[in-house]
Amino acid sequence: MIHQVIALIALICGIHANNNFYNESLSLTPLARNNLLANFNFEIKSLPKHLSYYNESNDKDSIADASHYTYFPRSIGPLLEKTNTRELHLRFAQGWWDSESWGSLPVNGSKSGGTGVEVWAVIEAPTSKEALKSWSKLAVSLSAFFCASLNFIDESITTFPINAFNPDTSSFSADPANKLFLLRAAMPSEPICTENLTPFIKLLPTRGKAGISSLLDGHRVFDSLWNSMSIDIQTECDDESEACNFKMDQSISVIVDVMRSLRKKENGPIPKPVEGDKLQCDKSRGYSVWQCFPLGLPTEITYSLRDVFGRPINGGPFSSQGVPVTVNFKAEGWDISFKDGMNKVVSLSENDSTYTILGDDEVNIDFKASDSSKTVGLQTAPLHASRSLTGYSQDKGGFRVVFENPGDSAISFVYFESLPWFIRLYLSTMKATSKGQTGTYQEVDSSEYVTLSHYQPAIDRKRPSHMELLVTVPAKETLTLHYEFDKSLLLYAEYPPDANHGFSVEPAVITVLDTNQKKVYELRTTSSLVVLPTPDFSMPYNVIILTGTVISLAFGSLYNLLIKDVITEEEFEKFAAQSKLRKLRAKIKSLKSFLKSK
Amino acid sequence: MNQTHRILCIGVLVRFLLPTLFPSIPFKLSTVVELATPINSYTSLQEAFFYLQHSINPYDGGVNHHPPLLVAFFGLFKSQLPDSVFLTACNLLYSVVDVIIALRLASLNRWYNARVSKKTGEPVAPLSDALMVSFYLFNPLIILTNLSHCTLVFSQLFIIESLHQLTSNTNLARAMVSLGIATYLSGSPVLMVVPVLALAYVSLPKHKWENVYIQGTVVFFMTCGLLVFISAIWTSSVAFLDQCYGVIIRFDKIQPNVGLWWYFFTEMFDFFTPFYIGVFNLFSMIFIVPLTIRFFEYEDKDPKKASVKTGDAFLAVYLCYVWMSFLKSYPTVGDFGLAISLAPIFAATVLPYCKLVYITALTLLVCLILSPIFYYCWIVLGNGNSNFFYSINLVWGGVHILVLIDFTWGQLIREYCQEHDISPEQRHVIRLTQL
Chain A
1 MIHQVIALIA LICGIHANNN FYNESLSLTP LARNNLLANF NFEIKSLPKH
51 LSYYNESNDK DSIADASHYT YFPRSIGPLL EKTNTRELHL RFAQGWWDSE
101 SWGSLPVNGS KSGGTGVEVW AVIEAPTSKE ALKSWSKLAV SLSAFFCASL
151 NFIDESITTF PINAFNPDTS SFSADPANKL FLLRAAMPSE PICTENLTPF
201 IKLLPTRGKA GISSLLDGHR VFDSLWNSMS IDIQTECDDE SEACNFKMDQ
251 SISVIVDVMR SLRKKENGPI PKPVEGDKLQ CDKSRGYSVW QCFPLGLPTE
301 ITYSLRDVFG RPINGGPFSS QGVPVTVNFK AEGWDISFKD GMNKVVSLSE
351 NDSTYTILGD DEVNIDFKAS DSSKTVGLQT APLHASRSLT GYSQDKGGFR
401 VVFENPGDSA ISFVYFESLP WFIRLYLSTM KATSKGQTGT YQEVDSSEYV
451 TLSHYQPAID RKRPSHMELL VTVPAKETLT LHYEFDKSLL LYAEYPPDAN
501 HGFSVEPAVI TVLDTNQKKV YELRTTSSLV VLPTPDFSMP YNVIILTGTV
551 ISLAFGSLYN LLIKDVITEE EFEKFAAQSK LRKLRAKIKS LKSFLKSK
Chain B
1 MNQTHRILCI GVLVRFLLPT LFPSIPFKLS TVVELATPIN SYTSLQEAFF
51 YLQHSINPYD GGVNHHPPLL VAFFGLFKSQ LPDSVFLTAC NLLYSVVDVI
101 IALRLASLNR WYNARVSKKT GEPVAPLSDA LMVSFYLFNP LIILTNLSHC
151 TLVFSQLFII ESLHQLTSNT NLARAMVSLG IATYLSGSPV LMVVPVLALA
201 YVSLPKHKWE NVYIQGTVVF FMTCGLLVFI SAIWTSSVAF LDQCYGVIIR
251 FDKIQPNVGL WWYFFTEMFD FFTPFYIGVF NLFSMIFIVP LTIRFFEYED
301 KDPKKASVKT GDAFLAVYLC YVWMSFLKSY PTVGDFGLAI SLAPIFAATV
351 LPYCKLVYIT ALTLLVCLIL SPIFYYCWIV LGNGNSNFFY SINLVWGGVH
401 ILVLIDFTWG QLIREYCQEH DISPEQRHVI RLTQL
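Going line by line, the protein sequences match chains A and B. The first sequence begins at 1 in the numbering used here and counts up by one. The second sequence begins at 1 in the numbering used here and counts up by one.
Okay, chain A solo, but in the shape it has when bound:
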């Protein structure tokens, strides 16, 4: 039913279903240790249209006219036009990419984010102030749209990257007097979950009902070792006709632990302890009722796509449009076959590993491995990077960043790091150590490896620090950078409710460049959790009272000393005797003695 509706919509729009405006593809790669990497790609284009610079005063009709969107989501298009966004990139990611055992990130990392949400955009504006205005408008709208707290993006976490995110296309600006501004912000503590996936799927013309997007079930996507969603929107312009169209790439990559999926299928979502007779023990080693050395992972396994994602692929996206599904595998260990609704079975071979799904029938894929440890694997990552915090006190600390070049040639890259203002960075403390072929760490002069290509210190509550380093690591060498910072105390109201949990510091972004300074690979370190000193939150009134006491003590005692007359104590007694109070007391005394005598 849904297919007919979508086909009907496509017909009404006057576009052939098999088209240039919408494409999707899926690629599956079994990895070692029974993991499966799935890459979902969706490409959507809008129709060409003349793009103009939008501001409050000029025509709103151009935006009201939405006929050029067709497959392109109507919800996002006007937003881009209203904020003069020429490029928009969004990343939602969770988990840790184990580059040493898995290899390089899918699509050379260009679609993978770091922990949390990251957004960067190219915005056309006459001044950076205007750009920031559009930027916050964009952030607020995206926040509502993707159910993420992007509305907290403000000046204090926004940077203007210079070398790190070289935007590859579109230097288009509608008004030649305007400039293009690249703005970026990240929210590392944002948890990614189903409520972010649902709007993501809603952007697709298939709405997750048909095509490969039918596999995207929140429970499965987020029950993975690592996942990353990305949206990249670019403006493509034809110089002659001066008409522009939006091009949107959406992608989701997940690494699924197949054994866990199978276990869940068997036992349900709540893990149960394995019963005694089902334990898989290594009987060649000590084995008794009390002792069991577990066996390694099984290498002979069978599973289907339905086991991993909970459902099969619901046919092609549109009745007449196919979707290519590629499986990268090694023939000697694996037997992969596609099974459609008519139970027709197509086996894949290593050379011809793509199958195009056509029609409306459900398609399932069976994975049979005689030796699942034999995988094609991913390319070795050109660079391994990790960042960790050093120090143990709440008032200062340091970062230790380790770059390991596993390759045979020197590698150079841009290291981009933006730290929140409450981290007062002392770059003068930067020290470098290097571990070469000898295998021992040696202190080296950091200027031989690192050039500071851009640095902008943070301003309290107004601007994050923004550092871009140009680093070169020789072949087979490991470079370690260490630099220190002070942590600032925040004001009472600036702490979040769980102040002692710590504050996330966004991942650093590393852009690997080739000899022509072109971006060839991109990766991000993990985010870091910095614990700041906290005041006692129950104290406001006490502090006001106690400090007030001390200053009034100072004032009162000094004031008295300075203005009163100095006299001897005898004189004081005399004066005191004449005071009204004394006189009254004397009277009472005499009255008392008078009464007693009576």
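Be a bit skeptical, because a hint or two may be false.
[Unchecked claim] Not everything, but these chain A residues come out facing chain B in the computed CB check (under 10 angstroms):
{"hint": "1", "residue": "128"}
{"hint": "2", "residue": "129"}
{"hint": "3", "residue": "172"}
{"hint": "4", "residue": "346"}
{"hint": "5", "residue": "347"}
{"hint": "6", "residue": "390"}
{"hint": "7", "residue": "488"}
{"hint": "8", "residue": "553"}
{"hint": "9", "residue": "563"}
{"hint": "10", "residue": "566"}
{"hint": "11", "residue": "571"}
{"hint": "12", "residue": "572"}
Please keep in mind that the hints were generated in silico from the structure rather than gathered at the bench. From the three backbone atoms N, C-alpha and C, an ideal C-beta is built for every residue, glycine too.
Got chain A; can you put chain B on it based on the hints?
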């Protein structure tokens, strides 16, 4: 080589050899909250050099709060000398600064006591130079401040230099220029203008009050203005004004220190903050004029009149300095350290009448021992919280109050004795009170 010189040599050795042999000492100490604040720490000065080297504007950010000319002065050496030589030169510079301060204190001591003897007609025996110098050079608070290479010492140097120029050299212009530089370096010495001018009035030989006050004020503000002007030209913006002095006025560089304000503004409700900023800025200057007037040395044509003997402009300067150290936005123990080292100047005059010296010393000791412990418990161990450290800040304020009232009361007793010609035997028996 007399005793004073030997003491000076030992003082220099401690200050020069320790950081030269162990170059990490200044860097370690400059992160101790009691010794340095973000406003005047050596670490942030280093960061400023780093910015200069990489042609980043040092005043476009929240790390460097040192005034431009100080940064430029150090930066000049930094760029000319190799790193190790530069660090050694720094150690030498800081040692020399302390030696100069020590010598100036000795000369101030001589001048003050000679003056008091002359004025009251009773000879007072000052402490020897050697003692004065060692009170300064072996004051642990001063040694630590110096080893931490806190830039506070430069500001103190110019305050002391200003007093020295007024008293021993009787040169008003130089004194006011020095005070102007001190103000430029750390902002708060601006409060000292009032008592210093009052001191100038009595210390300069032939004077008219118009000349002293007008000349002094004009020279002071000209110096400040000139320094600010040169800085503005050098940085080609006035952003440094906000970074160096705005921060002091707004109390907004919140980091634990020994003062009263950091915790107050941390805990304060947003909407009250501007009000309290105003109140505390006013409060920090509230006793400057009263103290100066109360201890002003009036002149009278008739030398037999009792009031001629009273008043003590130098004590007013001292008390104003303690008041400034008490209410500074970002105080360190070095501020009070100088106050301790100045106190022996009054050994033969006010100190004998002080009754709380013992209590003050004990309170101070408790502060100095507990402050690092409580800070460590809060920040590192996590088994104490900020209130522990804050309580010691309050006691630290209490030490200042004790010193202020003890010296003031001591001077009041002294004045009473002078006015009423009480014999020296009677002076310590007499019991006074106020009405």
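Tested hints:
With a cut of 10 angstroms, the hint placing residue 128(A) at the interface with chain B is violated, because the nearest CB-to-CB distance is about 15 angstroms. About 17 angstroms separates the beta-carbon of residue 129(A) from the nearest beta-carbon of chain B, more than 10 angstroms, and the hint is not met. Of the supplied interface hints, the one on residue 172(A) is violated, with its beta-carbon coming no nearer than about 32 angstroms to a beta-carbon of chain B, more than 10 angstroms. A cut of 10 angstroms between beta carbons decides the hint on residue 346(A): the least distance to chain B is about 61 angstroms, and the hint is violated.
Interface restraint check: residue 347(A) against chain B, minimum CB-CB distance 61 angstroms, threshold 10 angstroms, status violated. Violation of the interface hint for residue 390(A) is found here, the shortest Cβ-Cβ separation to chain B being roughly 14 angstroms, above the 10 angstroms cut-off. At about 6 angstroms, the closest approach between the beta carbon of residue 488(A) and any beta carbon in chain B falls short of 10 angstroms, and the interface hint on this residue holds. Hint status for residue 553(A): holds, given a least beta-carbon distance of 6 angstroms to chain B, under 10 angstroms.
Checking residue 563(A) against chain B by beta carbon gives a least distance of about 8 angstroms; that is within 10 angstroms, so the hint holds. Taking 10 angstroms as the C-beta cut-off, the interface hint given for residue 566(A) holds, the closest approach to chain B being about 5 angstroms. The beta carbon of residue 571(A) comes within 8 angstroms of a beta carbon in chain B, closer than 10 angstroms, and the hint placing it at the interface holds. Because the smallest distance between the Cβ of residue 572(A) and any Cβ of chain B comes to about 5 angstroms, under 10 angstroms, the interface hint for this residue holds.
In this structure, the hints that do not hold are numbers 1, 2, 3, 4, 5, 6, in rising order.
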